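Undergrad: Spelled out, the chains give:
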Amino acid sequence: MNARTRKRVLAVLQNVAILLFIATMLVPIVWIALAAFKQHVDVYQLKLVFTPTLDNFSRVFAAPYFLGDKLINSTIVATITVLIAIPIATGAAYAFSRFRLRGQTLLLVIILATQFVPAVVIVLPFFLMFRDLGLLDTRTGLVIVNLAIVMPFAVWMIKGFIDGIPIDTEEAALVDGSSRLQVIRNIVLPMAAPGLVTAGIFCFIIAWNEFLFALILTSKNAVTLPIGLALFKAEEGDLWNLMAAAGIIIMVPMFVLALIIRRHFVQGMTMGAVR
Amino acid sequence: MASVTLRNVTKAWGPVKGVDDQSLQIADREFLVLLGPSGCGKTTTMRMIAGLEEPSSGDILIGEHRVNDELPKDRDIAMVFQNYGLYPHMSVRGNIAYPLKVRGVASADIGPRVEAAARQVELTELLDRKPKALSGGQRQRVALARAIVRTPQVFLMDEPLSNLDAKLRVSMRAELKNLSHRLKVTTVYVTHDQIEAMTLADRVAVMSEGRILQLGTPETIYNDPASVFVASFIGSPAMNLIEGHLRDGVFHTTEGALMRLPPGLPRQDRGDVVLGVRPEDISVGAPGEGDVDVTVFAVENTGDSVLTTIRLGAERIVARGDRYQKNAIDDRISLRCDPAHLYLFDRSSGERLR
Numbered sequence: 092m093n094a095r096t097r098k099r100v101l102a103v104l105q106n107v108a109i110l111l112f113i114a115t116m117l118v119p120i121v122w123i124a125l126a127a128f129k130q131h132v133d134v135y136q137l138k139l140v141f142t143p144t145l146d147n148f149s150r151v152f153a154a155p156y157f158l159g160d161k162l163i164n165s166t167i168v169a170t171i172t173v174l175i176a177i178p179i180a181t182g183a184a185y186a187f188s189r190f191r192l193r194g195q196t197l198l199l200v201i202i203l204a205t206q207f208v209p210a211v212v213i214v215l216p217f218f219l220m221f222r223d224l225g226l227l228d229t230r231t232g233l234v235i236v237n238l239a240i241v242m243p244f245a246v247w248m249i250k251g252f253i254d255g256i257p258i259d260t261e262e263a264a265l266v267d268g269s270s271r272l273q274v275i276r277n278i279v280l281p282m283a284a285p286g287l288v289t290a291g292i293f294c295f296i297i298a299w300n301e302f303l304f305a306l307i308l309t310s311k312n313a314v315t316l317p318i319g320l321a322l323f324k325a326e327e328g329d330l331w332n333l334m335a336a337a338g339i340i341i342m343v344p345m346f347v348l349a350l351i352i353r354r355h356f357v358q359g360m361t362m363g364a365v366r
Numbered sequence: 431m432a433s434v435t436l437r438n439v440t441k442a443w444g445p446v447k448g449v450d451d452q453s454l455q456i457a458d459r460e461f462l463v464l465l466g467p468s469g470c471g472k473t474t475t476m477r478m479i480a481g482l483e484e485p486s487s488g489d490i491l492i493g494e495h496r497v498n499d500e501l502p503k504d505r506d507i508a509m510v511f512q513n514y515g516l517y518p519h520m521s522v523r524g525n526i527a528y529p530l531k532v533r534g535v536a537s538a539d540i541g542p543r544v545e546a547a548a549r550q551v552e553l554t555e556l557l558d559r560k561p562k563a564l565s566g567g568q569r570q571r572v573a574l575a576r577a578i579v580r581t582p583q584v585f586l587m588d589e590p591l592s593n594l595d596a597k598l599r600v601s602m603r604a605e606l607k608n609l610s611h612r613l614k615v616t617t618v619y620v621t622h623d624q625i626e627a628m629t630l631a632d633r634v635a636v637m638s639e640g641r642i643l644q645l646g647t648p649e650t651i652y653n654d655p656a657s658v659f660v661a662s663f664i665g666s667p668a669m670n671l672i673e674g675h676l677r678d679g680v681f682h683t684t685e686g687a688l689m690r691l692p693p694g695l696p697r698q699d700r701g702d703v704v705l706g707v708r709p710e711d712i713s714v715g716a717p718g719e720g721d722v723d724v725t726v727f728a729v730e731n732t733g734d735s736v737l738t739t740i741r742l743g744a745e746r747i748v749a750r751g752d753r754y755q756k757n758a759i760d761d762r763i764s765l766r767c768d769p770a771h772l773y774l775f776d777r778s779s780g781e782r783l784r
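Those protein sequences? They're chains X and C, same order as listed. Sequential numbering from 92 applies to the first sequence in the working numbering. Sequential numbering from 431 applies to the second sequence in the working numbering.
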C-alpha cells in the first residue's frame, strides 16, 4: 500500500469512526424527538413516517401531570442558584486569584474535595437536616443543595478566568485612582464577563439536571422536571410518548444555552492567551 | 509636582532582600532613571513609590508628605507599565478618560482633556478603537496619554519602551524626552537599557542587588564610574576590563604584557587590580606606534564604526575605530590607550582606585 492510498483509507476510517460516534450519541435523542410527536400506539414502531401530533405536549401540562408546575420549580431553583452562586463564587475566586492567603492551596483542594463525596452518601444527612429545619419539599431547600453542588465548580472555573486577566491592568487602575472595589467593578468584571456567563450557564445546567437530591428531598410542591419524568411510569405502563415530550421540554433550554455558551466558551478560553 | 524622598527603605520577602536600606532624594521636576540588570530592585523601588508594594521598613515621601500608609489612588501619581496595562474592554478614549472619570472630574471637562492628551501623543485618529486593534507603539502612546491626561505629582515609568521593536524604541525615546521637557513633572523611570538611561535622565541611579551603587548625571556615570559594575554596565560595547598588577608605575597583565600608566592614576605597587578602558578610548595604529603591539583576533564593521578585537594574554580587548579602518584577522597592529580615560579598580571589591 503506498502512502497515498494509506492516507485515503485512513481518512475513510476516520469518517466512519466519527459517524459511528455521532450515531451513538444522537440516536436516543432522535428517538425521543420522534416519540414526542407520536401517538402512544406508534411509539414502539420504528416508523419514520407517521402523523405527527402535539397532543403529548398538551397532555403533560394537564392533570394529573401538571408539568407546568415542575417547569416553574426547575426554572426558579436553577435561576436563583445561579444568581446566588455566581456573585459569591466570583468574590471567592477573586480572593484566591489575587491575594496570598494562608493555606490557599489546601483551601482550594478542600473546596474541590467536597465534590469527591458521592451524593448518595450525603443525601440522607441532608434529608434529616432538612426535615428538622422544615425545608423538605421546598424550593429554598433545593436551592441550598444546588448551591453546595455548583459552588466549588464555579469558584474553580471563575478563578481560572480571573487568573487570565493581566495583573498590570488591575494595578494600572489602582494607580489611576480606583479603589479595590472600583477595580473589580470597572475592570475585572467586564474583562471576566465571558467567563462569568460560561460559569453561570454551566451552573444552571447542573442545577437544572440535578436528580438525586430532588428525588429524595421533594415530594409534591417542589418537584422539578427530572423528577416529573417518573410520573409517566403509570399503571398502563411506561407512557413513552409523554415522557419523550417532557424530555424535549427539559432539553430545549439546555440546547439554547449550549448554543449561547459555545460562543462565550471559546472567547473565555482564549481570553488569557492573547494580549 | 513634588520631590520624592526614600529614607532607609527596605523591601524584604523573608530572607530575600529586594531593596536593601536605600535612601534617595529625587528633586522636583527631575527625571531620574533607575538603571540595573533584572532583579536588581529597580522595579520594586518604583512599585513602592507607587504604593503597589509595601516597604518592609523606611519612609517614602512625596513632597513633604509621608505616603507609606496611603493607597496608590491617594498618592497623586501616574504610571506607565511595561505591558501597558490597558483596559481591553474600553476604547482608547475610555482608557484615557478613566483616570479622570474615576476621580470624579465633571464629564463636560473630560472630553476636551482626553482630546488634548491624545493630541500630545498623536492618537487623535484612533480614539474610538479598542486596544487590541492597535500596534505596540500605538498602545504605548495610549498608556502615555492615560498618564498625562492628569497632571500628577509624579510620573512613574516601568520599562515603557522594552516591548517595542528597536526602531520604534528610538523614536519613542525622543518623544518621551520631548514630552518630559514640556510637561516638567518629576519622573522616575526604570530601565535596564543604558542608552535610555543616558539619553533621558537628569540623573541616573545604577542599582545592583537591591542597592544604589552610584547616583549621578549620565556624564558622571559614564566618565567617572565608581566601580567595575557601573563601568561595565554602561557603554556598548562594554568597557574593556584587564586584570593585572601594578609595579613601578607600570601595569602588567597576568600574561606579562606591559602598559605604562599616565600620571594621575595610583602608582604604588599592588596586586589584583583591574584596568578599565572604553573601546572608543583605544586607537589602532601601525605596529610600533602605540603602547603595545598585538595581533587582530576579529574585525566587525557595524556600519558607523569598526570594532577591532584583539587578544592580550587571556583577555579580549575591543577597540572602536572609524568606519574606514581596514584591518584583517591576524594583522599586526598597535594599540594606544587615551591616558585621560584609564580607570583602575580593586579586583576583589570592584571599587575604583583613585
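Everything labelled a hint here was simulated from the structure, so no lab data went into it. Quick caveat: nothing in here was measured; it's all calculated off a predicted structure. All C-beta atoms, glycine included, are put in the ideal place defined by N, C-alpha and C. Mixed in with the good hints, there may be bad ones.
[Stated by the list, open to error] Quick list of simulated restraints, FRET-style, between CB atoms:
1. C/S601 - X/I351: 44 to 50 Å
2. X/R191 - C/S779: 50 to 56 Å
3. X/V347 - C/D558: 32 to 38 Å
4. X/L101 - C/E605: 54 to 60 Å
5. X/V347 - C/S487: 56 to 62 Å
6. X/R191 - C/E673: 43 to 49 Å
7. C/E605 - X/F190: 35 to 41 Å
8. C/D539 - X/M345: 46 to 52 Å
9. X/L272 - C/T581: 24 to 30 Å
10. C/K607 - X/I351: 27 to 33 Å
[To be verified] Now the stretches of chain C that chain X is said to cover, found in silico as 3 or more residues with beta-carbon under 8 Å:
11. 673 to 682
12. 753 to 767
[Unchecked claim] Computed far set for chain C versus chain X, every beta-carbon distance over 12 Å:
13. D588
14. R641
15. D711
Undergrad: Does each hint hold? Answer for all of them.
TA: Results of checking the hints against the structure:
no., hint, result
1, C/S601 - X/I351: 44 to 50 Å, "46 Å, holds"
2, X/R191 - C/S779: 50 to 56 Å, "38 Å, violated"
3, X/V347 - C/D558: 32 to 38 Å, "34 Å, holds"
4, X/L101 - C/E605: 54 to 60 Å, "57 Å, holds"
5, X/V347 - C/S487: 56 to 62 Å, "59 Å, holds"
6, X/R191 - C/E673: 43 to 49 Å, "45 Å, holds"
7, C/E605 - X/F190: 35 to 41 Å, "38 Å, holds"
8, C/D539 - X/M345: 46 to 52 Å, "50 Å, holds"
9, X/L272 - C/T581: 24 to 30 Å, "26 Å, holds"
10, C/K607 - X/I351: 27 to 33 Å, "51 Å, violated"
11, 673 to 682, "violated (count 0)"
12, 753 to 767, "violated (count 0)"
13, D588, "9 Å, violated"
14, R641, "25 Å, holds"
15, D711, "42 Å, holds"
When the structure is compared with the earlier hints, violations turn up for hints 2, 10, 11, 12 and 13 and for no others.
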